[in-house]
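Please take these sequences and the hints and turn them into a complete structure.
Line by line, the protein sequences give chains A and B. Note that the working numbering has the first sequence beginning at 950, numbered continuously upward. Note that the working numbering has the second sequence beginning at 10, numbered continuously upward.
Don't take each hint at face value.
If the Cβ cut is set under 10 Å, some of the chain A residues that face chain B in the computed set are [stated by the list, open to error]: (1) Arg1027; (2) Tyr1032; (3) Pro1033; (4) Gly1038; (5) Leu1093; (6) Cys1314.
Negatives, chain A to chain B, calculated, CB over 10 Å [stated by the list, open to error]: (7) Phe978; (8) Arg1022; (9) Asn1029; (10) Asp1226; (11) Thr1241; (12) Thr1272; (13) Arg1284; (14) Leu1304; (15) Gly1348.
Label pairs and their computed distance ranges (CB to CB) [as the list claims (entries may be wrong)]: (16) B:Val249 with A:Glu959: 38 to 44 Å; (17) B:Asp256 with A:Ala1235: 34 to 40 Å; (18) A:Ala1235 with B:Val249: 18 to 24 Å; (19) A:Gln967 with B:Lys350: 36 to 42 Å.
Bear in mind the hints are in silico, worked out from the structure with no lab data behind them. Where is the CB? At the ideal position from N, CA and C, for every residue including glycine.
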Amino acid sequence: MPWETVIGLEIHTQLATQSKIFSGAPTAFGAAPNTQACAIDLGLPGVLPVLNERAVKLAVRFGKAIEAEIAPRSIFARKNYFYPDLPKGYQISQYELPIVGRGQVEIVLDDGTVKTVGVTRAHLEEDAGKSLHEDFHGLTGIDLNRAGTPLLEIVSEPDMRSPQEAVAYAKKIHQLVRYIGISDGNMQEGSFRMDANVSVRPVGQKALGTRAEIKNVNSFRFLEKAIQFEVERQIDLIEGGGTVVQETRLYDAAKDETRSMRGKEEANDYRYFPDPDLLPVEIDAAFLAEATADLPELPDAKRARFQVDHGLSEYDANLLTATRELADYFETVARDSGEPKLAANWVGGELMAALNKTEGDLAGCPISATRLAGLIRRIQDGTISGKIAKQVFEAMWNGGGDADQVIEAQGLRQITDSGAIETLIDAIIAANPDQVEQYRAGKDKVFGFFVGQAMKQSGGKANPAQVNDILKRKLAP
Amino acid sequence: MQNKSIAQLAADLRLRTYSSVELTRHYLDRIERLDPRLNSFITVASESALAAAERADRVLKSGDAGPLTGIPIAHKDIFCTQGLRTSCGSRMLDNFIAPYDATVVEKLAAAGAVVLGKTNMDEFAMGSSNETSFYGPVHNPWDQTRVPGGSSGGSAAAVAARLCPVATGTDTGGSIRQPAALCGITGIKPTYGRCSRWGMIAFASSLDQAGVMARSAADAAFILDEMAGFDPRDSTSADVPVPDYVDALDDDIKGLRIGLPKEYFGAGLDGRVAAVIQDAIKEYERLGAEIHEISLPNSPLSVPVYYVVAPAECSSNLARFDGVRYGHRCENPRDLEDLYKRSRAEGFGAEVQRRIMIGTYVLSAGYYDAYYLKAQKIRHLIAEDFKRAFDKVDVIMGPTSPTTAFPIGDKMDDPVAMYLNDIYTIATNLAGLPGMSIPVEPVDGLPVGLQIIGNYFEEARLLNVAHRFQHATHWHQAAPAGFE
Chain A
950 MPWETVIGLE
960 IHTQLATQSK
970 IFSGAPTAFG
980 AAPNTQACAI
990 DLGLPGVLPV
1000 LNERAVKLAV
1010 RFGKAIEAEI
1020 APRSIFARKN
1030 YFYPDLPKGY
1040 QISQYELPIV
1050 GRGQVEIVLD
1060 DGTVKTVGVT
1070 RAHLEEDAGK
1080 SLHEDFHGLT
1090 GIDLNRAGTP
1100 LLEIVSEPDM
1110 RSPQEAVAYA
1120 KKIHQLVRYI
1130 GISDGNMQEG
1140 SFRMDANVSV
1150 RPVGQKALGT
1160 RAEIKNVNSF
1170 RFLEKAIQFE
1180 VERQIDLIEG
1190 GGTVVQETRL
1200 YDAAKDETRS
1210 MRGKEEANDY
1220 RYFPDPDLLP
1230 VEIDAAFLAE
1240 ATADLPELPD
1250 AKRARFQVDH
1260 GLSEYDANLL
1270 TATRELADYF
1280 ETVARDSGEP
1290 KLAANWVGGE
1300 LMAALNKTEG
1310 DLAGCPISAT
1320 RLAGLIRRIQ
1330 DGTISGKIAK
1340 QVFEAMWNGG
1350 GDADQVIEAQ
1360 GLRQITDSGA
1370 IETLIDAIIA
1380 ANPDQVEQYR
1390 AGKDKVFGFF
1400 VGQAMKQSGG
1410 KANPAQVNDI
1420 LKRKLAP
Chain B
10 MQNKSIAQLA
20 ADLRLRTYSS
30 VELTRHYLDR
40 IERLDPRLNS
50 FITVASESAL
60 AAAERADRVL
70 KSGDAGPLTG
80 IPIAHKDIFC
90 TQGLRTSCGS
100 RMLDNFIAPY
110 DATVVEKLAA
120 AGAVVLGKTN
130 MDEFAMGSSN
140 ETSFYGPVHN
150 PWDQTRVPGG
160 SSGGSAAAVA
170 ARLCPVATGT
180 DTGGSIRQPA
190 ALCGITGIKP
200 TYGRCSRWGM
210 IAFASSLDQA
220 GVMARSAADA
230 AFILDEMAGF
240 DPRDSTSADV
250 PVPDYVDALD
260 DDIKGLRIGL
270 PKEYFGAGLD
280 GRVAAVIQDA
290 IKEYERLGAE
300 IHEISLPNSP
310 LSVPVYYVVA
320 PAECSSNLAR
330 FDGVRYGHRC
340 ENPRDLEDLY
350 KRSRAEGFGA
360 EVQRRIMIGT
370 YVLSAGYYDA
380 YYLKAQKIRH
390 LIAEDFKRAF
400 DKVDVIMGPT
410 SPTTAFPIGD
420 KMDDPVAMYL
430 NDIYTIATNL
440 AGLPGMSIPV
450 EPVDGLPVGL
460 QIIGNYFEEA
470 RLLNVAHRFQ
480 HATHWHQAAP
490 AGFE
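What follows is the structure, given as C-alpha cells:
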C-alpha cells in the first residue's frame, strides 16, 4: 500500500536577549553551573516574574516576518509539572492566546517547486534548567543557568510530506530567525531545538494517522534521519498488523533509531491556567511599529532581488542569501568590483570553500569584501589571469595583504608585452622541431603542448589570449 | 507605654522621652512574659531588633528621623525577612532563612521601623483559626481557650495583647479582617495591588494582599502610608499614586452613604452579633451618614467560587516546595518520586494538602471548564455586584464574621463550617476591593468586628470612616484582661 507521511514541527528558538524572560539574570552560555540564576530563577518563596520587554519585541518581529497576526492581547499561562530542573514546579508559557497567530513561510523543494508551510502559532515561554547526570555518583546535579531563558516556540501545521520537506522548513525558520536577529540559532548550544510530530496514512486518506512526537533534535541531519527512521518504523508496524501509539520518542543518533520515552497514558496533565502573577501582554500600534521598524530585507525578497539586480541564477541567489552576513558580503564585493557575476563565483566558490575548509565564519574571514572586490578588479583589468587570481587569493587568505600587494610582492603581473611573448615562443618552436612537424602535419592536439610550454616558461604570467594568437601565427605552415 | 498610639510613640521618641532601645526592650519583655499564653510569635528577633533600635536612636539623635524611626513592629511570618527564618507557619519552611526582604519589609525598614519578630499564622495562610500552623495554635487574648481567627492570627493576637504596637498581615479571603474582628483590633486589607506582593509567600496570587493590623485606624494609616505603592518587581502592583492616609483621617463624614447588603444580615449571622453591628450603624447615623439597603445578589456564591480559585492557584504556587532546592527534604529518598512524595507529605499539614488536592482537581483536564472557568465567570459577576452598589453608596458595611471567636478545636473536623467563617470577607478579595474591620461593642466579653468595604483605591476613605467612629466611641481602646 502506498503511504503518505505527515510531519509537523515544533521549534524552540532561544531569543537573543541579554537577560532572562522574567528576571534580570544574564543569559550568556557556558558559565559555571548556577552562577547565572537569581532568586527568581531559583523559584525562591515570594519571588515574582516581570516580563522582559525585549523578548516581546523579538517575538513580534518574528510574527511580522512570517506575515502572522500579532495578538493585540496575549496571556501567559502556567504549565504545571514536577521536574528537578523546573524550579517553580511550573513553566511560564502561553497556551490560549499566544503572541503570534497564524502565519506562513515558503520553502523551495528539490525539484524547484515552491511550497507554502503554515505556521499555526508562536508563543513565548521560559526554558527550564539542566539536569546533570554525570560526575555525581548516582545523584543528579541541577544547573539552573538556563532556567528562565526566553524561548519562542514556533509550531507548524502538519504540512510537510517528507523528511526533506521538514528539513527545508526547519532550515527556513533557522535562516529567518537569524536574518531578523531574534536568535543566534546556535544548535550546539541548544538555541534551536526541534520536535517532530510524525504520522503516516494511506495515500488518499483524509484523516491523520496516530502521531509520535520525536523530541529535542538539534541538527538538521539528525532531523532527517530521525523522521526517516520513524516513518519506516510506523509503516512496518502497521503493515505487520500493529497500530501506532501516540507517544513521545527520542532519537538516538548513535544507533540511528527512535525510542519510546513515555506513552500517552503516562503523559502529564499540565493543568494550564492563566498566570495570575503576570498581566496580559497588550501590543498597540506604536509598539508594533517600533519592534518591526528595523526589520531587514527578508531572505525571499533578497533572493528575488539578487536575480533581478545582479543577474544571478536562482541557484547562486539562493546560495548567497543563505545568511544575512553572506548576502551583505556578496553585495559589497559586487558593488565594489562592479562585476556581480564574478563576485558571485568568487564568493560562492573560492571564499566559501576556504571558509568550509577552516570551519570559519564570515565574521572571522581574513579577506574583507572590499579586498576580494579588489582582486576581482585585477582580473577584470587584465592585470592577472583567473588562474593566477587563485594564487593571489590564497596569499591574501594567509595574510599577504590586498591583491595589489600580493601581485607586486610575488611578481604575478601578467605579461602582455607581445615582443617578450614572441621571443619566448620563438625559443620554444626552435627547441621542439618534432612537435612543430606533427602540428603542421595536421595533428591539432599538439597546439596545447605549445601553450603549456609558454605558460610554464612564463611562470603562468603570459597573457593566454596573446599566447594563442602568436602561436597560431608562428606555427602556421 | 504599650497603650500609646503610633503618633504618640513617634512624638515621644523624637522628644527622647524614652529611646527606641527602651521601647523595643519593653515590647521584647512583654513578649517574653506574656506570649507563652498566646503563642503569637514564631520567631522573636531580640538581637537584631535591639541592634535596629540602636541604629534608630542614632538617627533620632541626628534629627533625620523618618515617620516610623524607632517604632517596633512585627511581621506576619509570610513576609521574607533577610537573615531571619521565614516559615509561613509550615514545617516545609521551618529551616528557611530568607536571603532577601519582601518589599513591604524593606519599605517599613526604610521608614525606620524596628522588627521585633515574626508572627504565627495558619500554614501558608490557609485557615481561619490559626490552628493549621506547624507551630501550634494561637490563643485569643480575650479568652485563651478560643481561636484568634486566621490566617493572620498571630499578628492579631500580638497587637490585641499589646505585644507590639502594630503588625503586618495578609488577606486572601479575610485573613486580616476576620482575626482583627475576633481579637478586637483594627485591620485593613487594601485594594488588590496597592501593596507589593514581592517577597510575600504566595497562597493565591490573584487574591493575596498585604495590609496592617493595628489598634486604631489612625495607627493603621501611619503604617499604610509607608507600605503602599507601586513596585516594579510586582507586575500586578498598582501604579496609582498613594494619598496621605493620615491627612484624610479627620475628614467630615456627613452625608456619607452607607450601603447595608441584605445578604450580609441573613441566616447564619449570630443574632447578638447582628445587634451590636446595628448599634454601630446607628452611631454612623448619629455622625451624619445615610443608610441604604443594597443587594449583592451573587455574594452567596463567593465561598464556593473562592474554594475553587484559591486552591487552584495554591496548587501551582506551592509546587516549588519540592525538597530539591530549599525547605524540608525527607530522609534518604529512594528516588525522585519518593523525594517529592515524602518531602511534601511530611512538609505540608492536612489543610494545605487538602487545598492542593482540590486545586489540582479543579484544574485537571476535563474539569477545568466546569470548575475553574466557571468560578472565574462568577467572580466577574461578584465584582459587577459591587460596581453597581458603589454607584449608589460610598461604603458598604456589615459584620466581618458571623460569630465571635469560637473555641480552639471546635471546627477543625469540619472544613466547610470553618470556610463559612469567611462568608462576609471573601467577596471583597474576589473583587479586589479594599476592606476593613474595626471593633464594636463586644458580645459576652468577646470582640465583634464591623466590616467596611470601599471602592477601588479608596483606602483613605475607609480609614477616615473608621477613624470618625473611633473618635466617637471607645471600643477600640479596650484591652484584654491580663494584657492591659
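Please confirm whether Arg1022 of chain A is truly not at the interface, meaning its C-beta sits more than 10 Å away from all C-beta atoms of chain B.
Holds, since 15 Å exceeds 10 Å.
Verify that the Cβ of Phe978 of chain A lies farther than 10 Å from every Cβ atom of chain B, and report whether the claim holds or is violated.
holds (22 Å)
Distance rule for Leu1304 of chain A, whose beta carbon must clear each one in chain B by more than 10 Å:
holds (45 Å)
Range hint 18 to 24 Å (beta carbons of Ala1235 of chain A and Val249 of chain B) holds or violated
holds (23 Å)
Can the hint on Cys1314 of chain A be confirmed by a CB-to-CB distance to chain B that is less than 10 Å?
violated (44 Å)
Would the stated hint for Arg1027 of chain A survive a check requiring a Cβ distance to chain B of less than 10 Å?
holds (5 Å)
Distal placement of Thr1272 of chain A relative to chain B, Cβ over 10 Å
Holds: least Cβ distance 37 Å, greater than 10 Å.
If I take the minimum Cβ distance from Gly1348 of chain A to any residue of chain B, is it greater than 10 Å?
holds (52 Å)
Minimum C-beta separation from Thr1241 of chain A to chain B exceeding 10 Å: can you confirm that?
For Thr1241 of chain A, whose nearest Cβ neighbour in chain B is about 24 Å away, the distance exceeds 10 Å, so it holds.
Using the beta carbons of Asp256 of chain B and Ala1235 of chain A, state whether their distance is inside 34 to 40 Å or not.
Distance hint for Asp256 of chain B, Ala1235 of chain A holds at roughly 38 Å.
Evaluate the given range 36 to 42 Å for the C-beta pair formed by Gln967 of chain A and Lys350 of chain B.
For Gln967 of chain A and Lys350 of chain B the Cβ distance comes to about 39 Å; the hint holds.
When the nearest CB of chain B is found for Leu1093 of chain A, is that gap smaller than 10 Å?
Hint on Leu1093 of chain A: holds, closest Cβ of chain B at ~8 Å, below 10 Å.
Of the hints listed earlier, those the structure fails to meet are numbers 6, 9 and 10, in rising order.
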